[in-house]
Amino acid sequence: MSTAVEMEQLTSGASNRIIPVLKILRFPLIFIRSMILCLLVTLFPRRRHSQRVVAAVENSFAASPSAAKTARRRSVWRSEEEDTLRRRALAEALDMGFETGDGEIQCRWSTSLFFGVRRNALFCRSWFPVTDELKGILIIIHGLNEHSGRYVQFAKQLTSCKFGVYAMDWTGHGGSDGLHGYVPSLDHVVADTGAFLEKIKSENPGVPLFLFGHSTGGAVVLKAASYPYIEEMLEGIVMTAPALHVKPAHPVIADLYNEAASKVKDIKLYEGFLHDLLFEPEREEIGQDIINWMEKRLDSIAESGDRSRRIDTGVLSFSRS
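If you count by the UniProt record's numbering, then the sequence shown holds residues 1 to 321, one letter each, in order.
Note that these hints are calculated values from the structure, not bench results. It should be emphasised that the depicted structure is a prediction, and the values quoted were computed from it without experimental measurement. Here a beta-carbon is modelled for each residue, glycine too, at the ideal position from N, C-alpha and C. You may find that some hints are simply not true.
[Said to hold, decoys possible] Below are the DMTMM-like pairs computed for lysine to aspartate or glutamate, each with C-alpha atoms no more than 20 Å apart in a straight line: (1) Lys135 to Glu198; (2) Lys156 to Glu303; (3) Lys296 to Glu133; (4) Lys296 to Asp276; (5) Lys162 to Glu295; (6) Lys268 to Glu295; (7) Lys268 to Glu285; (8) Lys135 to Glu303; (9) Lys162 to Asp187; (10) Lys156 to Glu146; (11) Lys162 to Asp289; (12) Lys296 to Glu284; (13) Lys296 to Glu198; (14) Lys199 to Asp187; (15) Lys156 to Asp276; (16) Lys135 to Asp276; (17) Lys296 to Asp266; (18) Lys268 to Glu232; (19) Lys201 to Glu232; (20) Lys268 to Glu280; (21) Lys135 to Glu232; (22) Lys69 to Glu81; (23) Lys201 to Glu231; (24) Lys135 to Glu271; (25) Lys156 to Asp187; (26) Lys296 to Glu280.
[Claimed, not checked] Across the chosen pairs, the derived CB separations fall in these ranges: (27) Asp266 to Ala68: 51 to 61 Å; (28) Pro205 to Pro228: 12 to 22 Å; (29) Val117 to Ser66: 24 to 34 Å; (30) Ala195 to Ser160: 26 to 36 Å; (31) Ser66 to Pro205: 29 to 39 Å; (32) His180 to Gln106: 29 to 39 Å; (33) Ala71 to Ile267: 16 to 26 Å; (34) Arg86 to Gln106: 26 to 36 Å; (35) Trp77 to Glu303: 53 to 63 Å; (36) Asp95 to Asp276: 18 to 28 Å; (37) Tyr227 to His180: 26 to 36 Å; (38) Tyr182 to Glu271: 34 to 44 Å; (39) Ser75 to Ser160: 39 to 49 Å.
Produce the entire structure from the sequences given, and follow the hints as far as they go.
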């Protein structure tokens, strides 16, 4: 009996000692639990924010190829624009005037910008005799990798014989817009030539127009003249060393000579001459042959007595043999 009482007292005594201890520990445990909950509440938004940051970074990396491509395009465009401005400044700096030994000016000349069919700025030049008397106008279309400023001596010879002169730089050439030396399609040059002719015709009503092309420019001229609306504006076309018998990928460079509708076709071969006929030592002779042909053409038109009736556009081709 005494042993049972002692055991009961031992058990009750331990419980009586543990319960107060648990009561004492209850408040710290509640506090710790509250702190843990607070930490969890604060950590969840940060986690979502970090996820948004990671997602934004991932999206930026995903978008970086297109952004880099756009940046490269802008850089190329700026470089092309800067190159165009440099070329245009050089074109403007060329001296296109003619003076005698006494300082007398022999012609009036100017430069301008003409906007082509794709609204690209094309650099143009013009030369006119000092006197108002004008027999006709020759429009010069240069060849591949040339520019209109090369033909200043030819323009001098023409103005001395009372012919006005216009010249246009192709896209990508001389002082014109475009990637230097690059032409997307020769059909673009043909279309720009037609638009340029319309502008000149409207500014010089009643003045006979002739179209000149050298090398690849000769193919452009012949292609342009095959369109009726362009052919009607012209009294004749002149070509030197025209690129008509080679066969590259573009169809405009082909044997177009036989397709010319004109019945008036003249060909003159210069034996032993190089490709750039108007830049040979004999350029004065070649230039005079061109002038003589245009004057003869104008005389035949005057003899017809009726300018309202179309006479076949004359075709003159100069080639090296």
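Results of checking the hints against the structure:
no. : hint                         : verdict
1   : Lys135 to Glu198             : holds (19 Å)
2   : Lys156 to Glu303             : violated (28 Å)
3   : Lys296 to Glu133             : holds (18 Å)
4   : Lys296 to Asp276             : violated (24 Å)
5   : Lys162 to Glu295             : holds (11 Å)
6   : Lys268 to Glu295             : holds (17 Å)
7   : Lys268 to Glu285             : holds (12 Å)
8   : Lys135 to Glu303             : holds (15 Å)
9   : Lys162 to Asp187             : violated (32 Å)
10  : Lys156 to Glu146             : holds (18 Å)
11  : Lys162 to Asp289             : holds (15 Å)
12  : Lys296 to Glu284             : holds (18 Å)
13  : Lys296 to Glu198             : violated (24 Å)
14  : Lys199 to Asp187             : holds (19 Å)
15  : Lys156 to Asp276             : holds (18 Å)
16  : Lys135 to Asp276             : violated (26 Å)
17  : Lys296 to Asp266             : holds (12 Å)
18  : Lys268 to Glu232             : violated (25 Å)
19  : Lys201 to Glu232             : holds (11 Å)
20  : Lys268 to Glu280             : holds (16 Å)
21  : Lys135 to Glu232             : holds (18 Å)
22  : Lys69 to Glu81               : holds (18 Å)
23  : Lys201 to Glu231             : holds (12 Å)
24  : Lys135 to Glu271             : violated (31 Å)
25  : Lys156 to Asp187             : violated (30 Å)
26  : Lys296 to Glu280             : violated (24 Å)
27  : Asp266 to Ala68: 51 to 61 Å  : holds (58 Å)
28  : Pro205 to Pro228: 12 to 22 Å : holds (20 Å)
29  : Val117 to Ser66: 24 to 34 Å  : holds (31 Å)
30  : Ala195 to Ser160: 26 to 36 Å : holds (29 Å)
31  : Ser66 to Pro205: 29 to 39 Å  : violated (53 Å)
32  : His180 to Gln106: 29 to 39 Å : holds (33 Å)
33  : Ala71 to Ile267: 16 to 26 Å  : violated (54 Å)
34  : Arg86 to Gln106: 26 to 36 Å  : holds (30 Å)
35  : Trp77 to Glu303: 53 to 63 Å  : holds (55 Å)
36  : Asp95 to Asp276: 18 to 28 Å  : holds (21 Å)
37  : Tyr227 to His180: 26 to 36 Å : holds (29 Å)
38  : Tyr182 to Glu271: 34 to 44 Å : holds (35 Å)
39  : Ser75 to Ser160: 39 to 49 Å  : holds (48 Å)
The structure fails to meet hints 2, 4, 9, 13, 16, 18, 24, 25, 26, 31, 33 from the earlier list, while all remaining hints are met.
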